[in-house]
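Full structure from sequences and hints, please.
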Amino acid sequence: MSAVVHYIQLGITIADAVTRGLAEAVEARRLVERLVAEGRDPTAEEWARIRRVIDANHEAIQGEDGDG
Amino acid sequence: MDPTTSKPWYKSRTIIGVLVSLVCKILATATGFDISEPAQSEITGLVLAAISLGGDAMAVYGRVKARQPIGKPSEAGPAAMALLLGAGLALGGPVACASLVETETPPQRVYALMADYAAAQRAALAYIESDRAEKAVVDRIRQLDRAAYDALIAAEAAARRGDSAAIAAATAAAHHAVEALAGYLARRGIGAAGAGPPADRPAGRVAAAAFGGAA
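As given, the protein sequences belong to chains A and B, one line each in that order. Here our numbering is used: the first residue of the first sequence is 1, the next is one more, and so on. Here our numbering is used: the first residue of the second sequence is 1, the next is one more, and so on.
Derived from the structure by calculation, the hints contain no laboratory data. Here a beta-carbon is modelled for each residue, glycine too, at the ideal position from N, C-alpha and C. Among the hints, erroneous ones may be present.
As the list claims (entries may be wrong) - Computed spacing ranges between beta-carbons, pair by pair:
{"no.": "1", "chain 1": "B", "residue 1": "Gly54", "chain 2": "A", "residue 2": "Glu38", "range": "45 to 55 Å"}
{"no.": "2", "chain 1": "B", "residue 1": "Gln143", "chain 2": "A", "residue 2": "Arg51", "range": "13 to 23 Å"}
{"no.": "3", "chain 1": "B", "residue 1": "Thr14", "chain 2": "A", "residue 2": "Ala37", "range": "35 to 45 Å"}
Structure (structure tokens):
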């Protein structure tokens, strides 16, 4: 029983994170579609925005083993 | 927790409520169809009622038809959750994968890869921060994340510099690294948006790997 509850909690945690990640991914995809439609490359601000996200995630994933 | 007195998870209003909320969020993200909180509460009540009715019916049916003992309840957890995650990702994946957009310039392509990498990182982080994380898996995720990060930073630099000599190789390396991370997460049952297809690879195969199928 407790194993089932743990799996459900893990599943919900991951699914919730994926859903949040999905929302960001959908937003990013729309931006890419807009870039293509407008025939332009990302602006410095758009590059900075995605870098902030992946830098923060990268730092959290690496934890104390992080490479900075 | 005493299994003889505790309530089964599928009869818990909290758990069913969270699952309903999750499915509604995925639906809203994937289709734009927003379900209000009162409506979600109604749905949760209906699901619980259906579970209760279904449980009673199954109990009667089981009494009449059962010939052999059923498996341990704990065996159902991972399978049910994998099914739930798989359904959610199958619904949301195709609309979320930025790399599936047909880009026209290297910066657009690198940007799309970075977006998918960010989504994969989210799923990886959720796993790492859970109390079920296995050290060997976390170590492998960290290794793949480092490779993807380094490759993407190099690709971004080449794309922004307009360094035509380096762009193709850097973008291919970045794609390969993001695909490796997304593929590993998918094989471990940790759903993640992933890299879309490079020019020489069918979209279906890579998308399947990224969203939970065989890599």
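Hint by hint, here is what the structure shows:
no., hint, in the structure
1, Gly54(B) / Glu38(A): 45 to 55 Å, "holds, 51 Å"
2, Gln143(B) / Arg51(A): 13 to 23 Å, "holds, 21 Å"
3, Thr14(B) / Ala37(A): 35 to 45 Å, "holds, 43 Å"
Every hint from the earlier list agrees with this structure, and none is contradicted.
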